[in-house]
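Residue numbers (our numbering), protein chains in the order written: chain A, 1 to 270; chain B, 1001 to 1377; chain C, 2001 to 2380.
Hints listed in this document are in silico derivations from the structure and should not be mistaken for laboratory results. Don't take every hint at face value.
What the hints assert, rightly or not - Computed list of lysine-lysine pairs in DSS-like fashion (alpha-carbon distance at most 25 Å, straight line):
no., chain 1, residue 1, chain 2, residue 2
1, A, K168, C, K2258
2, C, K2278, C, K2067
3, A, K209, C, K2142
4, B, K1074, A, K209
5, C, K2219, A, K168
6, C, K2238, A, K168
7, A, K58, C, K2116
8, C, K2076, B, K1206
9, C, K2116, C, K2076
10, B, K1358, B, K1206
11, B, K1365, C, K2258
12, B, K1206, C, K2258
13, C, K2278, B, K1057
14, A, K209, B, K1206
15, C, K2374, C, K2278
16, C, K2238, A, K58
17, A, K58, C, K2021
Stated by the list, open to error - Here are a few chain B residues that sit away from chain A, every Cβ distance over 10 Å (derived from the structure):
no., residue
18, S1017
19, P1019
20, G1054
21, E1093
22, E1101
23, E1102
24, E1185
Quantities reported herein were computed from a predicted structural model and do not represent experimental measurements. Don't be surprised by glycine CBs; every beta carbon is placed ideally from N, CA and C.
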Amino acid sequence: MEMDELSYSSRMVNWSPLGKLFFVMALLIVGLITDSIVVPLITFTIGVALMAYSTNLKVPLILGLAILEAILIMVLGSGMISIMGDHSAPAIWEGKILWFDIYMTEESFNKAWLIFFRAVAGVTLMLAFACSTPIPHLAQAFRSLHFPSEITELIVLVYRYAFLLLEKFLVMIDAAQCRLGYNGTMTTMRSYGGAMAGTFIFSMELADKSEAALACRNYNGYFPIFRPPKSMSWAWAVVSIGLAVLLYFVGEYTKGWINMVQLFAPLFGW
Amino acid sequence: MVELFRMEDVTFAHNPSLPPVLNGFNLSIEEGSRTAILGANGAGKTTLFYTLTGVYKPQQGQVLFKGSPVEYTKEGLRNLRSDVAVVLQNPDEQIFCSLVEEDVAFGPLNLGVDRDEVEERVTKALRDVRMSEYARRPLQQLSGGQRKRVAIAGALAMHPKILIMDEPTAGLDPQASMEVMEMAERLRLSGVTVMISTHDIDIVYKWASISDVLNSGRIEFSGNSEEFYSDPERVYRCGLLTPTVFNMNLDVSFINGIDPSPYPRNCCEFTAKFSGASRSGTIHCIPAGEEDALAKYEAAIADCRDVDVGVYGSNSRYALRDSRVNFRFDAMDACFTDAVRGRDSVLIYDSVFEPLIKEQAARLKEFGFDTSLEGCR
Amino acid sequence: MSDILLQTEDVTYAYSRKGPKVLDHMSISIGKGVKTAILGSNGAGKSTLFSVLNALYKPESGVVRYKGEPLSYRHKGKIKMRSEVSILFQNPNDMVFKPYVEQDVAYGPENMKLPKDEVEARVSEALFAVGMERYRKSPIMKLSYGQRKRITLAGVLAMKPSVLIMDEPTAGLDPQMAYEVMEIAEQLHKTGVTVIMSSHDTDLTYAWADEIRVLNSAKCVYSGLPEPFYSDYSLVQKSGLLTPSVFKMNAAMADLGKCSLEPYPRTQTQMSVKIANKGRDFGTLYVIKTDKETDAGTVIENEGLKGLHTGLYGMSARIARNSFGFDADFLYNGPENCTMKCLSGTDSVLICDPLMLDKAVSSANFINDNGYGKIDIKVI
């Protein structure tokens, strides 16, 4: 399923792409500059809510897998941070697993959680943006920001062809079955290799043919947009900056409200 | 007759080390004509089309458009392409945008057409190919035949003077093929010059009286189709076949000892020639448009109850989509065949096709058959 | 009555849960050794049906049976089935796996774990059957669409399946190549392979198929001989199809009393004689049974048939031609062309694979048996 298909069927597709981007970036930044864990928790909730609204709770499998994978990486990363505490502070857990020296302090544990939520909030917000903004709209947004057009067009073309080639690859994988391409491990590997080679060849030919076909339609080097998305209005800027400032103050106020160590203490007997 | 395109001694190779794909090529296309380009795969048809739209520049020879040589500058090419549109064989190689209407708008927007006008053109083009409901759908959801129609809409939206279609019926089911040929005819009748390349010898034999045959990069034959098909060795050398009707005509004429000429091109003409029928059934011709076709249909069948009804033209066909129609496709041939069989029929058609009806009746006269047409001015 | 080889019982399939059903309680059966053509407009479900028959897709409900047993969707079961049932996709670019022709044709047999020399032999034979032996060492990228289509056909032939399913095998091919593909389909049939084909080329399939199955909107609306289907014009139209031209003309002529409706002609020559004056003596059709070892050129000389138009038909005839170097005028659609020559009063020679003899003289027999004229058939 193509990403664009998802974004075109999103409820947020007609919102201004630049506006959405601005909003998301503002929330991300404020999450990074405050030390309170409450702020990322709030932005994370906003991210999830937006994603739910955008996809109408019908999350495609591949997106779900991508999110889970990101979360897994973050868990590992935060985990690493939590066990590399400052040796000058008292440890709540000390030990050794395999060749890892574990020194977990109250500070490192809290910090790990903070970073985890910042990261997860970041992922959900960016995904909410990505699933509701088709690539042509994004390209248009970049163009209006006077990004170099070559880069924008390159992004668009790479994106389009990546999906096309992926689709081709999947078709060939299927076709391999009919010629007994999975009859044994070596054979299976050869089939995957062959499918990749075939896709590569296909991509070269497609490039040739597309060049000519685009020229027939007087391609000028960029994809003109037929229904331009809404441009960013002042409302977006006001709401984004206002919310960011509000959250900043919330962050300052709630510093140290939630101590993750205290929450987990009964569980680990600290 | 205004000459739209003229290619003089054109030679083109993709690469200096490779043999030329077009070799000393000469071609002349008149405005308002039907041109059929025949040739085996690899004979150079696609290269020819790209040369006509200025994508390929010949190394030797020149391409003249409306009398002046093609200018390979940005401005010159834009002018050329606002008059020449190509629909390629495989729509997937030609469709680039995610949504249907975006893709149809791609051509005109690239030509610098004003945005409001582009919107109008897109709407009309989609209506012409009967894809209006799919305007905001992503292209992946469409089937191959639907994508082909979108590609045609994309070319129509460029408002070309000449529309070139590379294998327009390839991969389409028989009815969709008929629809495409009908559309080509409608375009021609509204002033667009149409050029089609195809392998479907039978379909093209019905459509065009003059064929240009490509063989290894040059035009091997240009002229009357019958003359070409009468030389089977040459047909064979060009990788083609003779049409079914043509073969049958030759066989039966020989066995019966009569002249193969005049050559029948479709079922009704063949039947007229060999059945010796003389009494014609009446064809009630009813020109119509999308709005009044249904009403006229109901009036017609109220009068004649047991009669075959044929519909020709996408507007009338759409209007009568839920009605009982005997010949929904290829109706002209079917109704005329009915007439030869002595049966009456009703033919409801988009008014733009009236000249075709007169043309068919005139051709039947050559076979000694007088068709009884009613309601045809 | 032949056994049922492949069948679907009440099979339903949709691409996505809430999506439209592409196959809706479809029950189709294919007889062993019966040449079956699957017809239907675009989107009727033909390609999906093939994918279901080949266990690429598992139906939501219903059973697919091969040789009476339900298909096994387990890895080993699928492999076993696919070594007997092969499918040829419409777009050759979806099926090509290796950069060079030789490698790609060998892909299938190699996967079947056959010994090297067996693979070599099969590759040669398959390339020969499709007329691409000259391109053995070519990179596939340099080939045209039609040539690639032939390569993929060779790839499937090299696997020597018992059932071959072809999805639009003639789409996009030159007219001559289309006839060659039909010849291969006929040859396969004669060697015992059950061939199932879907095609939009109404005339070609009408001349070839024994039976047809018509799909419309995810259901099978007709199953059986072609003639009763085409006689029901409204059903034909509703299914998005058109009648073959020969059938149309036969009906029109019969209506006007120029000939009887039956026997139904399937090819041009058969139709021509039906409406021409009857009882003439036409030319003689000499059929030379040519196997791989026969030098038909010498036979022609010896029999004093030099100078007549010659047609080629069948695999062994083509192999012999390659070995001995004799030539033929009609390299495609041999039988019809030779019969046409006879109709025009001259004799002709058909260099024919012994296996294909019946089909080769079928038109001539049609003419003789129904009293439309006389073509002397002399088999050498």
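Evaluation of the provided hints:
Proximity of A/K168 to C/K2258 is assessed by CA-CA distance (about 54 Å); at most 25 Å being required, the pair is judged violated. Between C/K2278 and C/K2067 the CA atoms are separated by roughly 47 Å; this puts the pair beyond 25 Å, and the hint is violated. Annotation: proposed proximity of A/K209 to C/K2142 holds, straight-line Cα distance about 14 Å (limit 25 Å). With a C-alpha separation of about 20 Å, the suggested pairing of B/K1074 with A/K209 holds against the 25 Å cut-off.
A threshold of 25 Å between alpha carbons decides the hint, and for C/K2219 with A/K168 the separation of about 29 Å lies outside it, so the pair is violated. The hinted pair formed by C/K2238 and A/K168 fails the criterion: a straight-line CA distance of about 34 Å is larger than 25 Å. Between the alpha carbons of A/K58 and C/K2116 the distance comes to roughly 51 Å, so the proposed pair goes past 25 Å and is violated. A hinted pair counts as satisfied when its Cα atoms are at most 25 Å apart, and C/K2076 with B/K1206 does not qualify at roughly 53 Å.
The hinted pair formed by C/K2116 and C/K2076 meets the criterion: a straight-line CA distance of about 23 Å does not exceed 25 Å. In summary, the hint linking B/K1358 to B/K1206 is supported, as the alpha carbons are separated by about 15 Å, within the 25 Å threshold. For the hint linking B/K1365 to C/K2258, the alpha-carbon distance of about 21 Å falls within 25 Å, and the restraint holds. Distance restraint check for B/K1206 and C/K2258: the Cα-Cα separation of roughly 24 Å lies within the 25 Å cut-off, and the hinted pair is therefore satisfied.
Pair hint C/K2278 plus B/K1057 does not hold up; C-alpha atoms about 58 Å apart against a cutoff of 25 Å. This hinted pair does not check out: A/K209 and B/K1206 have alpha carbons roughly 31 Å apart, beyond 25 Å. The straight-line distance between the Cα atoms of C/K2374 and C/K2278 is roughly 9 Å, inside the 25 Å bound, and the hint therefore holds. For the given pair, C/K2238 sits about 37 Å from A/K58 by alpha-carbon distance, which is inconsistent with the 25 Å threshold.
A hinted pair counts as satisfied when its Cα atoms are at most 25 Å apart, and A/K58 with C/K2021 qualifies at roughly 21 Å. No Cβ of chain A approaches the Cβ of B/S1017 within 10 Å, the least distance being about 17 Å, so the stated non-interface status holds. The claim that B/P1019 lies off the interface holds: its Cβ sits roughly 18 Å from the closest Cβ of chain A, which is beyond the 10 Å cut-off. Annotated as non-interface, B/G1054 brings its C-beta within 10 Å of a C-beta of chain A; the closest such distance is 8 Å.
Some Cβ of chain A comes within 10 Å of the Cβ of B/E1093; the nearest lies about 5 Å off, and the non-interface call is violated. At the 10 Å boundary, the C-beta of B/E1101 falls inside the reach of chain A, the nearest C-beta of that chain being 6 Å off. Listed as outside the interface, B/E1102 is inconsistent with that label: its C-beta sits roughly 5 Å from the nearest C-beta of chain A, within the 10 Å cut-off. With a least beta-carbon separation of about 23 Å from chain A, B/E1185 lies farther than 10 Å from that chain, consistent with its non-interface assignment.
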